[in-house]
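Undergrad: Put chain B on the given structure of chain A with help from the hints.
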Amino acid sequence: MTVTLTAPAVAPPAAAGPRRRRRTLSPTLLAFVLVPLLVETFWVFWPAIQGVYLSFTSWDGVSPATVVGVGNYVELLGDPTFGRALLDTVLWLVLFGGLSALGGLGMALLLLKDRRGVGFYRAALFTPVVFSLVATALIWQAIYQPDGLVNTILGALGLDSWQHSWLADANTSLYAVIVPALWRQIGYIMVLYLAGLKGIDPTLYEAATVDGANKWQQFTRITLPQLSSVNSVVLSVIIIDSLRSFDVVWALTRGGPYHSSELLSTYMYSTAFQSLRLGYASALAVVIFVLAFGVILTYLVRAFRDADA
Amino acid sequence: MTTTGFSRRNFLAGLGAVGAATALGGCVTSTGSSASGGSATGPVTVQSNLSAPAAKAAMQALIDAFNKKGGAQASLNTVASETFRTQLPTYLTSSNPPDVMTWYAGSVARSYADKGLLLDVSDVWTGVTGYSDALKQLSTDNGKQIFIPINYYFWGCFYRKSNFAKWGVQEPTTWAEFLQVCETIKSKGVTPIGLGADNSTPWVASGWFDYLNIRINGANYHRELLAGQHSFTDPQVHKVFDQWKTALPYFDPKGTALSFQDATTNLLQGRTGLMLIGTFLLDTTPKEDVDDISFFRFPVIDPSVPVAEEAPTDGFFASSRTKRVQPTKDFLKYLTTVEAQEAYLKASSGSSLPANPAAKDAGTALITKGKDMLNKAADLTQFFNRDSSDALQPTADTALIKFIQHPEQIDSILTEWQTNAKKIWAS
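Which chain is which? The protein sequence lines are A and B, in order. Residue 1 is where the first sequence starts when you use UniProt numbering, and the numbers rise one by one after that. Residue 1 is where the second sequence starts when you use UniProt numbering, and the numbers rise one by one after that.
Next up, chain A with everything else stripped away, as it sits in the complex:
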């Protein structure tokens, strides 16, 4: 209030009107800032802070929580299932992330040129993106059944010894789960790359052809550097999608059999809602948050520095 009262005295009378208006925040504007902040605080920040608090407690969801200090984190260090889940998550990041980037780029290059029917193939590859991952998982569950499509085809090819209970075998479950996730992700990444490739100036290739550059040289010297901005988008999409992967794994294997396809996200969910150890699950959630935040933050900082340079 003092500001608005003293303002006219200091400023020349003519300027008083506009200056006063500038100094007083309109209540509508204030509401637009404060109300979302309030909502955000109670729906996002408060639960997040409470999650961190819970990670220092032992809580079954019914009795009052008891504080156990860093007990949950100490337990994490010696928990073989956590180790397995961490390793699987890294594996998932490398395989799912790597293959979807390579596959997406490959498909985009393949389907870049406007030939007859290319639109059909583009649409076909993009179709899985439209389905929810849970629906995708249900389809693949049928495909992986002991009497499902995969085993039937292997049998028809005379490869009976390759037939497998894909999802029930601890050696294959994780890889079997990655395939449907990839099946969907490749179409998505392809669309991002297609957009990037379309944006490259064709005269660059014409000049390169005149200079006698072959296809490989054109790809490494023109295409890849021109795609750098798309690459950073793709990389962030892949990292975020990998770390939040949950639905397809949960729908297909629930992390089993005996934790062989366990990701950090599925382990957190089953610890919280099946074993009802919400304190320990919160500690897992904090670890996932730190990992995701760490990876994304280091990456983004680097990406922005590169962009500024």
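Hint data in this document are derived by calculation from the structure and do not stem from the laboratory.
When the alpha-carbon atoms are kept at most 20 Å apart in a straight line, the in silico SDA-like pairs for lysine to any residue are as follows:
1. B:LYS423 / A:GLY83
2. B:LYS422 / A:THR66
3. B:LYS423 / A:LEU77
4. B:LYS423 / A:GLY78
5. B:LYS423 / A:LEU76
6. B:LYS422 / A:VAL74
7. B:LYS423 / A:SER63
8. B:LYS423 / A:THR57
9. B:LYS422 / A:VAL68
10. B:LYS423 / A:TYR73
11. B:LYS423 / A:GLU75
12. B:LYS423 / A:ARG84
13. B:LYS115 / A:PRO64
14. B:LYS422 / A:GLU75
15. B:LYS115 / A:ALA65
16. B:LYS422 / A:LEU76
17. B:LYS422 / A:SER63
18. B:LYS422 / A:GLN274
19. B:LYS422 / A:ALA65
20. B:LYS423 / A:SER270
21. B:LYS161 / B:LEU179
22. B:LYS423 / A:VAL68
23. B:LYS422 / A:SER270
24. B:LYS422 / A:TYR73
25. B:LYS423 / A:GLY71
26. B:LYS422 / A:VAL67
TA: Relative to chain A, chain B alone:
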């Protein structure tokens, strides 16, 4: 003014109210004991996890019949069973809980009662006649009744009569005879023992553990083990798995890749010989096949151990925080009547037995045989998760599926099981 009914100001005020409401409800960790909110009038809310179409229709029929009587009214809210299971602690600790909830009798109900979350329904029980002492005991915690059972079912080794006749095998009663039957079925080119314990229904494997343990070590040891009074690394538990190993070669090698529904189909189509399962397999059995289905009692292993059977009991409990105590009790009282239980069984697939002995069951040969088996049993158990807790079930799933796939690793499996179970018992 009518045109500005939804003004920006109203919208903002609404947002603010939502934020404030969240602030009030945001304390997830608070488990205050005083009930606030909730109205003393209005219908009794019944939260049900019976989401299968037949069971849901049966519940609705029950509620409609109750409402038609006049007096207290009830309304049904059906929740998908997986959601229900994970949300149940939240329902019970909420300040405005559903009045009545479906759940299981025994240890799982008592664990909530011990925390003061369940309504004392002893006076509902006082007027009830004819219920067995065992059922009453199962519904009792610290001398007070906290649960109203409405039906129960049984587990057994189910098979097709026509197939057993074709293969020339009889119902076995001892373990040696059981293995002999498996051997004969195998010689006919059929997988003897079906199992449906994939990632969606891994708990089916616990039926084998339960039965082997109650046949070898007895029902009391079994319950004590599940309550944490013994270790899974005990030699007694090891004996259970040694016994299991003798039957393992007859198990369907794809058993851990199938849901129990798929495994039921295999049994019905004669690809497997028999299956240890509950009567709920009838829910997915085509009508024309039902008469061909029979079962035999899980074989006796040690004749000196009193024979116990698994008879999981389903029913209802009420929240101690309900504001509609009398209407809730009226509704629960109605559930114990012959009329209500017969109405429910008629609308469902009829595969369970009514808790009220005066109520008529489906009357089929199979149900009569099952009832007879339970009446002869020296003791009744519920099921792994009901005799222990839902939280312990995942530890069993991990251990048992690993055992079925890698029986040679049994020592490390039991050690790991004990480690995981200890964390559950400690929390």
